[in-house]
Each structure stands twice: as C-alpha cells, then as structure tokens.
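Visitor: This is what each chain is made of:
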Amino acid sequence: MSTSATELAHELASSSVLSFPLDQWYVAALGWELKDKPLGRTLLNKPVVLFRTADGQVAALEDRCCHRALPLSSGTLEERGVRCGYHGLLFNSEGKCLEIPGQEKLPSKAKVPAYHVRERDQIVWIWFGSKAHPEPTCEPPAYEVHSSGKYLFGGDVYHYDAPYQLIHDNLLDLSHLGYVHLRTIGGNASIHMNARMTVESDDTTVRVVRHMPNSAPPPTYTAAYPFKGNVDRWQEIEFHISHLRIWTGAVDVNTDALEDSDRGGFHMRGFHGVTPETETTSHYFWTIATNPVNDPEATLSKVVEQTMMTFDEDKVVIEAQYKNMLRFGARPMVDIHVDVGANRARKIIEQLRHSS
Amino acid sequence: MSTSATELAHELASSSVLSFPLDQWYVAALGWELKDKPLGRTLLNKPVVLFRTADGQVAALEDRCCHRALPLSSGTLEERGVRCGYHGLLFNSEGKCLEIPGQEKLPSKAKVPAYHVRERDQIVWIWFGSKAHPEPTCEPPAYEVHSSGKYLFGGDVYHYDAPYQLIHDNLLDLSHLGYVHLRTIGGNASIHMNARMTVESDDTTVRVVRHMPNSAPPPTYTAAYPFKGNVDRWQEIEFHISHLRIWTGAVDVNTDALEDSDRGGFHMRGFHGVTPETETTSHYFWTIATNPVNDPEATLSKVVEQTMMTFDEDKVVIEAQYKNMLRFGARPMVDIHVDVGANRARKIIEQLRHSS
Amino acid sequence: MSTSATELAHELASSSVLSFPLDQWYVAALGWELKDKPLGRTLLNKPVVLFRTADGQVAALEDRCCHRALPLSSGTLEERGVRCGYHGLLFNSEGKCLEIPGQEKLPSKAKVPAYHVRERDQIVWIWFGSKAHPEPTCEPPAYEVHSSGKYLFGGDVYHYDAPYQLIHDNLLDLSHLGYVHLRTIGGNASIHMNARMTVESDDTTVRVVRHMPNSAPPPTYTAAYPFKGNVDRWQEIEFHISHLRIWTGAVDVNTDALEDSDRGGFHMRGFHGVTPETETTSHYFWTIATNPVNDPEATLSKVVEQTMMTFDEDKVVIEAQYKNMLRFGARPMVDIHVDVGANRARKIIEQLRHSS
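Protein chains in written order, with the working numbering: chain R, 106 to 461; chain P, 106 to 461; chain S, 106 to 461.
I should point out that these hints are in silico values taken from the structure, not numbers from a laboratory.
Any given hint could turn out to be false.
Examples of chain R residues lying across from chain P (beta carbon under 10 Å, computed) [stated by the list, open to error]:
1. W352
2. L363
3. N429
4. R436
5. V443
Listed below are the simulated DSS-like cross-link pairs for lysine-lysine, each with C-alpha atoms no more than 27 Å apart in a straight line [unchecked claim]:
6. K216/P <-> K452/R
7. K428/S <-> K201/R
8. K407/S <-> K428/P
9. K214/R <-> K201/S
Each residue gets a CB set at the ideal place from its N, CA and C atoms; glycine is no exception.
All chains should be built: construct the whole structure from the sequences, respecting the hints.
Guide: Below, the structure written as structure tokens:
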C-alpha cells in the first residue's frame with residue numbers, strides 16, 4: 106500500500122544508482138552561519154561539522170570524535186580548532202588530533218576525515234566527489250550578486266522533510282504562484298499562466314524565461330522604485346545541478362530591452378541552494394537580493410519578509426506532497442504544460458545519478 | 106520479544122486473509138463534518154477526500170491529485186468540485202478533471218478515482234467492495250433515531266491508536282463500567298456484573314441484552330424524566346459488522362414490558378460506527394440520542410458530556426491495552442464470562458475476512 | 106550508512122549472544138518509589154509491574170493481565186494485591202488470580218508470572234536468571250550507606266536513550282569532569298587528568314582509585330566540613346555488574362591515611378544502579394550520601410542538587426554519543442589512557458554475555 110521513507114532509502118542504497126549526483130559543489134552553509142560555534146549538519150547522508158578557524162577560513166570534518174564517537178559539533182571552538190565536549194580531544198581543520206588531555210603520546214589513528222570546503226561570495230560550498238574525483242575538479246561557482254555592491258540582500262536556511270528534487274520542481278514552475286501563494290502574491294493566476302514562456306537547456310542547466318510586457322507593476326515594485334506607469338517585466342529561472350538562480354524585475358515600458366542583461370529598473374535576484382540531507386530530506390539555503398531606490402532598508406526588509414512567507418507556503422505544500430507520495434507509493438503522474446522545465450532538470454539529475 | 110505495528114501490518118498484508126471485511130458500508134463521516142472544506146481521512150488503508158457538492162450531495166475521491174500527488178484535501182471547494190492547492194486542477198465529484206489552469210486540452214488520463222458514498226440520516230457511508238462486488242449490493246443502513254424527531258442527539262469522531270476489533274470488544278461488554286468508568290458512572294459494579302444477560306447471534310449480528318428490573322434509577326435518569334420510584338431498566342447492544350447500536354433506558358416499575366420495543370420511559374440510544382483506518386488504527390464515530398422530558402436541552406448537554414467522558418476513558422484503556430499487546434506479542438488470552446458477546450462478534454469478522 | 110536502534114535490537118536478538126548478563130540482581134526501583142500505586146517499568150526487555158503489598162513487602166509481576174492484556178500497572182492496589190483497571194481481575198503478589206468480578210469459578214489459567222524481587226537498604230532488586238538459574242543463587246547486595254545512620258542521602262531515577270554500557274563507560278572515567286561538567290565542577294581539568302590513578306580488577310569487579318594529596322579542598326567540601334587547610338582527597342570507583350559505587354572525599358592533609366577505609370573527614374558516596382530497559386535504552390538509579398558537619402540539611406540539598414545537574418549533563422552527552430553511534434554505524438574507536446577502567450568493565454560484561 107505505502108512505502109516508508111526508510112524503505113525508499115534502503116531501496117536506493119542497495120541499487121547501483123546514486124541517490125545524488127556526485128563530483129559537485131553543494132551548498133553547506135551561508136557564510137554568516139559560521140561564527141563562534143561549530144555547526145553540525147548532515148549533507149548527502151554524511152554528518153559533517155562545519156566551523157570557521159581563527160584566520161577566518163571555513164573547515165569541515167566528519168562529525169564524530171575518533172575516540173568515543175561524540176559529535177564534534179557539540180564541542181567548542183578554540184584558536185587551533187575544535188575540541189570534543191566529552192574528553193577534550195582537540196582537532197585542527199585538517200582533522201589532525203593536536204591534543205589528548207592527560208596523555209603525551211598521540212596515537213597515529215587519532216584523526217578525523219576532512220572534507221573539501223570553500224567560501225565564495227558568502228556561500229560555503231562542500232565538494233562531494235566520486236571515487237574518480239575525490240578532489241575538486243573546479244572552483245565553486247561565483248555569486249556576484251552578493252559581492253558586487255549593487256544589491257542589498259538577506260536570506261535563511263530551511264529544512265525540508267522532502268527529497269531535493271521536489272524543491273527543484275517547485276522552483277522551476279512559477280505557475281503555482283496563483284494557488285499556493287494566494288495570501289502573499291496571488292490574485293494574478295491568469296497573468297502568470299498566460300505569460301509567454303521559453304525553456305532552454307543543455308547537459309547541466311535549464312533556463313525558463315517568461316516576459317510580461319506592458320503590464321501594471323505589482324505593489325512591491327511600485328513601492329521600491331519610481332516607475333512612471335506600466336512596465337515590461339521578466340522572470341528568469343536558471344537551474345544548476347546544486348542550486349537555482351531566479352532573477353525577476355521590471356523596467357519602464359519600452360525603455361531597456363527585456364533581453365538586455367544590463368537592463369536597468371527594479372531587480373529581485375534569488376539564490377536557492379538545494380542540498381540533499383538524505384534521500385528523503387533536504388536543506389534549502391536561500392538569499393534574496395534587491396536594488397530599491399525608495400527607502401532601501403525598509404524595502405529590503407519587506408522583500409525578505411514576503412519571500413520568507415512565500416517559502417513557508419511552499420514548504421507546507423511540498424512536505425504535504427511528499428507525505429502523500431509515501432502514502433500512495435510509486436504511481437504514474439500526469440504531466441501538464443508547466444512541467445517542461447522541471448522535467449528537463451529531472452532528466453539532467455537522472456543522467457548524472459546513473460553515470461557517476 | 107515484541108511485534109511492532111508496522112510488522113503486524115506487513116504480516117497481514119502479505120497473507121491471503123483480508124485485514125477487514127469487504128462488501129460493506131462503513132461510516133466515513135458524520136454528516137455535519139462536511140461543510141465548506143474538503144475533509145481528508147484514511148479509511149481501510151485508502152486515503153480519501155470527502156466533500157459536499159454545491160447541491161448538497163456528498164462525494165469521495167482518492168486523496169491525491171493525478172498531476173503531482175498533492176492531497177486534494179488540502180485544496181479548496183468550488184461550485185463545480187474540489188480544486189488542488191498546488192497548480193489549480195479542478196475535479197468534480199466523479200473525479201473528472203474539469204480544468205487545468207493555463208492549458209486548454211485536458212489529457213484523458215487527468216482523473217481521480219471516486220468512491221461510492223451515501224449520506225443517510227446524517228451518517229455518511231462509504232462502500233468498500235471486493236473485486237466481486239465493486240458496486241454496492243445494498244443501500245447503507247437507516248438510522249431513524251437521527252431522523253424520527255423523537256430524540257435530541259449529539260456526537261463526535263474519535264481517533265484510536267488501536268485496531269477496530271478492540272473497540273468492538275469494549276462496546277459488547279458492559280461489565281467494565283464498574284472499573285473503567287469509576288469516575289463517571291461507576292459505583293454499581295456488582296449491579297452490572299450480576300444482571301441477567303442473554304446473548305443471541307446470527308451470521309452478521311450479535312445481540313446482548315441485560316435487564317435490571319425493579320432497581321433504583323441512576324441520577325441522570327431521575328433528572329431527565331419524572332420517574333415515580335423504582336424502574337425496570339434495560340441495556341441492549343446490537344453488533345453489526347461496521348457499527349453497533351446500544352439502547353439503554355428505563356420505565357416505571359411494572360408498567361411497559363422490557364421486551365416491548367414501543368416501551369415508553371426514558372431512553373438513551375447510542376450509535377457507534379467503528380471504521381478501520383489501518384490495521385492498527387481506527388476511527389470511532391458516535392452519537393448519543395435521548396428523549397428528556399425535564400429541561401431537554403440541558404439534559405442532552407449533560408448526557409453528551411458524560412458520554413464523552415466515558416468514551417475518553419475507554420480510549421485510554423483500549424490504547425494502553427493495544428500498546429501492551431504489541432509489547433508482549435502474540436500470547437494466549439484467558440476468557441471469562443463477559444467475553445461471550447465479543448467472541449461471537451470476533452467469529453463473524455474472522456469468517457468474513459477469510460471468505461471475501 | 107546508519108543502523109537504526111530497531112535493527113540493532115533485532116540483530117542482537119537473533120544472535121546466540123545475550124544482550125545482558127543474566128543470573129544477576131538488577132536494580133528495579135528505589136524503595137520510596139513504591140507507595141500506593143503500582144509502578145510499570147520495563148527491565149531487561151520484560152515489562153514488569155512493581156508494587157508494595159499491605160504488609161510492606163515488594164512484589165513484581167509480568168505487567169499484563171492474563172484476560173485482555175491490559176497493563177496491570179494501570180490498575181489499582183488493594184489489601185490483597187493489584188486489581189486490573191479493565192474488568193477488575195485481582196492478583197496477589199505471586200500472580201495468582203483471587204477474584205474475577207461476576208464469576209465464581211476461577212479458571213486455572215488465570216494467573217500472571219511473578220518475578221523474584223527483594224528490598225534491601227531501600228533498594229529494590231530483581232533477579233533475572235538464566236534457564237540454569239531461574240531461582241536466585243545469592244542474596245542481593247547490601248548497601249549500608251543507606252542504613253548505617255552515618256549519612257544523609259537523596260537520589261532519583263533517570264531514563265536514558267542509550268545502552269547501559271555507555272553509562273558504565275562514563276562513570277568509570279572521571280577525566281570527563283573538566284569538559285562535560287564545565288558549568289558545575291569544571292575548572293580543574295588538569296588536576297583530574299594528572300592525578301595518580303590505579304586500576305584493579307577481577308572476574309566481576311573493577312576498581313579505579315585516584316588520590317590527590319595535599320590539594321586545596323573544593324568549595325562544597327569547605328562549606329560542609331571544618332577543614333583546617335589543604336586536604337588529602339580520594340576518588341574510588343567500584344564497578345559491579347549491575348551497579349557502581351563511587352566514594353569521594355577528603356581528610357585534613359597528613360592525618361588519616363587515604364588507604365584507610367575508616368578514614369574520617371568529609372565523604373560523598375554515590376550509588377549508581379544501571380539497569381538495561383532494552384538493548385538501546387536504560388534506567389539509571391542513583392543516590393548520593395554525605396556526612397556534612399556544618400548545616401547538614403542545607404549541605405545535603407546542595408550536594409543532591411549539584412549531583413543532579415552533573416548527571417543531567419552526562420545524560421545529554423551520552424545520549425548525543427549514542428545517537429551519533431547509530432548515525433555512523435559500527436566503526437572502530439581509538440582508545441586513550443582514560444579508557445582502562447571502562448575497557449575492563451566491558452570485558453567482564455562481554456564474557457558474561459557469551460558464557461550464560
């Protein structure tokens with residue numbers, strides 16, 4: 106009748122298909138999460154402790170003291186590394202044991218595996234490689250929106266009781282706005298549904314673009330920016346294997362071309378890191394950036410707050426969807442027109458899970 | 106050592122024996138539960154969405170949108186049916202998809218299975234048929250107590266973490282009153298224990314009758330009805346496969362015969378729909394009806410309130426019993442005299458589970 | 106990737122190795138827990154109801170009425186025994202059914218298994234024997250600290266979501282004091298780490314002794330006892346299969362010998378009963394006794410309160426440790442110097458689990 110999350114996980118684990126694409130940089134944290142305490146987080150089924158060293162670098166170790174298996178994330182940070190909260194063993198950012206209290210000789214086995222981790226533009230990335238590529242084969246992606254100085258931004262980390270691909274599906278389809286987000290940005294279901302949409306893709310990305318020329322600017326836009334009247338609006342969704350970028354905005358009607366990546370006007374740029382925690386649960390790291398002209402700080406606050414409400418609504422829907430999928434077990438689903446982008450992303454993931 | 110609920114469910118699922126009798130009308134809801142929102146409820150392992158259409162009819166569909174598996178019960182009701190809360194697909198009471206927002210052509214596969222459901226005397230019944238009888242072979246039972254106008258009544262729906270047959274056992278045995286219901290209607294353990302009891306049964310029903318002639322009327326009776334002194338009391342329990350009817354009451358001593366179904370006096374008539382949710386959990390739909398002469402509304406309130414307290418106590422006991430059965434695993438039980446009625450009901454269910 | 110608690114339990118259950126040493130007296134309760142109500146507690150996987158009879162003796166039965174499996178621990182105590190809260194069957198302390206309400210003949214099968222249980226020095230012990238030794242082969246251990254009149258004491262019962270041996274490990278190693286108990290008795294990590302330590306053991310006991318001669322007395326000691334200046338301190342840990350005794354204290358420097366078991370000064374004597382509930386959960390029964398000279402009652406309160414805070418901290422660490430062990434599955438652990446005592450205790454338990 107139904108398939109439990111555990112059964113699903115076991116089934117996946119015993120097959121030769123990967124649960125997740127490997128040889129990728131995944132988001133492990135937002136930079137400001139790592140302060141004066143170690144942070145424990147399971148990523149792609151690996152319990153990891155993340156921390157910032159005295160010189161400001163980020164580090165990631167297996168979240169298990171090699172002595173008696175206590176999570177290092179329940180320990181404390183020191184100048185030289187992380188100290189276990191049980192018997193006080195101290196490890197540096199490479200996982201080397203530097204000290205065993207009350208004992209002079211350090212056994213050579215006293216060490217903890219380390220992960221490749223990098224911070225770039227305030228996003229902390231972790232490399233999960235295949236046996237073929239245990240070392241990173243590239244640098245983690247840049248995200249200039251955080252560093253260019255053109256935008257104000259805020260963000261948060263959400264935990265999902267749902268597999269990561271259901272979050273991809275949701276983000277690649279903006280047609281649900283009129284139903285799920287009735288309370289926040291609803292009321293325009295038909296505008297969204299009938300907008301001109303193009304979908305492009307290659308081996309690792311999907312790009313969904315929708316243009317709404319000569320339309321009335323929504324209230325948030327008007328409040329943030331001195332539009333003269335009607336606007337030309339765009340919504341651009343870019344799917345990458347471990348994250349999505351969603352760029353929405355508007356210019357005064359018939360000024361800059363919507364295709365021009367240097368167009369002016371009002372912008373909202375979303376970063377969405379989707380990292381599997383396990384086969385059945387996920388981390389969702391998001392930031393929203395904007396360039397308000399009128400009352401910038403207040404407008405940012407409002408944009409972050411509304412984004413948060415919207416993502417709260419998505420979380421309720423996606424977790425309910427997954428719970429129902431478990432209740433009903435594997436069953437065919439009927440596709441509709443809005444699924445094109447999401448289905449291409451699924452094909453990309455599918456291919457990577459089989460090829461690694 | 107112990108058997109988990111899940112293991113029990115799996116064991117049952119893999120055997121050729123049915124978990125529940127099929128080809129039966131089961132209670133799905135009390136009529137007044139279906140108002141302006143869809144209601145999700147799992148019945149006999151099937152997740153069902155129940156709703157009332159614009160013309161007042163009741164409808165039941167599989168609780169899963171055929172597009173992306175969201176429960177339809179988290180959607181909204183409209184004039185024409187239920188609309189999914191994710192991408193807005195609209196289904197009518199037969200499960201036919203009437204609309205896919207932003208798309209003109211409706212795929213022929215866009216539909217949801219419907220269940221046979223009927224409302225009668227404010228009870229909503231659902232048919233769970235075998236392959237031999239997917240269509241109802243009869244009408245759902247009438248319950249004139251709700252419709253005759255002779256009674257005032259109230260009721261509620263309880264969820265049980267226990268299999269349905271433990272509720273049957275409890276309702277077919279009134280000897281536990283003196284122990285479980287010490288705080289509400291206790292104190293008369295010996296009266297209940299020593300009352301004359303007859304048990305009759307056939308292939309689908311069990312009838313347990315107890316008479317307490319020339320006894321002092323309990324306080325609730327005296328408050329509700331102008332008895333002159335001692336009374337002749339009756340307790341009649343009627344077990345049917347999917348529900349029980351319990352009729353208790355009293356007449357002035359030596360007036361109407363206790364065997365006379367048209368006897369006067371004070372009556373309390375209970376309806377008890379017991380519907381499996383899963384092999385290990387149940388829904389319990391109950392109403393209590395009465396015909397008070399003195400201060401009818403206040404007496405009804407008191408009767409409903411006391412019934413509720415009594416059923417709360419039963420729930421505590423039955424769930425503790427089931428939890429303990431799981432802890433100890435399959436073990437012989439010692440029968441005592443009060444089990445006659447319950448054991449006959451178990452025999453009826455047993456036979457139906459093997460014969461379907 | 107990970108092993109669930111259930112899987113671990115099943116694995117153990119299906120092997121020929123015992124989960125726990127048998128032919129032992131285990132702590133079932135602290136004497137003052139048994140008053141006017143029956144107490145349900147699972148011990149070594151057996152659900153047991155404990156109660157005190159009218160003559161003050163303790164009794165233990167299987168926690169399951171033989172009629173319909175209700176836990177007897179949800180029943181009530183009477184002069185003659187425990188009465189089931191469902192249909193009122195009454196059982197005496199041997200598990201014999203004395204009464205079935207409303208029925209004269211008592212079926213010979215109407216009985217409940219009884220356990221061997223003894224109260225000694227306010228500790229209630231239960232015998233879990235092997236097939237070879239279903240009857241106790243000895244008396245339960247005495248604990249004169251509770252009965253000699255030389256000490257004031259208090260205590261409590263804790264439930265652990267962790268296997269019993271992780272509690273042994275913790276109690277046999279006092280080196281964690283400086284890290285886990287930072288908030289209560291920390292600050293002296295180096296003193297504890299560098300103290301002279303001796304470890305002795307035989308087939309059933311381990312004894313870890315640490316002496317800290319000529320050291321400053323800690324605040325609690327000074328407050329409780331009129332020390333003149335520096336003290337000679339001792340810490341003695343005695344591991345027995347089902348419990349540990351930890352004796353700490355101090356005398357004025359260069360007065361009584363630390364090896365003298367009749368030494369004077371200030372004493373804190375801990376009793377620690379560690380009884381498996383299941384393979385993966387435990388009961389921890391503790392008392393702390395002391396002989397304060399200054400303001401005895403207030404000092405006892407403070408000692409009990411600080412002990413409780415300390416044990417709360419241990420519980421957090423041990424449960425986090427076990428949870429992490431489950432996440433990572435079986436993995437080698439690196440031993441350090443402080444593990445000597447704990448490892449000998451593990452060897453004793455290991456041997457008993459295989460030999461029974």
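Visitor: Confirm or reject each hint.
Guide: The hints, checked one at a time:
1. Taking 10 Å as the C-beta contact cut-off toward chain P, the hint placing W352/R at the interface is violated, the least distance being around 22 Å.
2. Because the closest C-beta pair between L363/R and chain P is about 21 Å apart, greater than 10 Å, the hint is violated.
3. Here the hint on N429/R is kept, as its CB sits about 5 Å from the closest CB of chain P, short of 10 Å.
4. Among the interface hints, the one on R436/R holds; its C-beta lies about 7 Å from the nearest C-beta in chain P, closer than the 10 Å criterion.
5. The beta carbon of V443/R comes within 6 Å of a beta carbon in chain P, closer than 10 Å, and the hint placing it at the interface holds.
6. With a C-alpha separation of about 26 Å, the suggested pairing of K216/P with K452/R holds against the 27 Å cut-off.
7. Distance restraint check for K428/S and K201/R: the Cα-Cα separation of roughly 24 Å lies within the 27 Å cut-off, and the hinted pair is therefore satisfied.
8. Taking the CA atoms of K407/S and K428/P, the gap is about 40 Å. The hint is violated against a cut of 27 Å.
9. With a C-alpha separation of about 59 Å, the suggested pairing of K214/R with K201/S is violated against the 27 Å cut-off.
In this structure, the earlier hints numbered 1, 2, 8 and 9 are contradicted, and the remaining ones agree with it.
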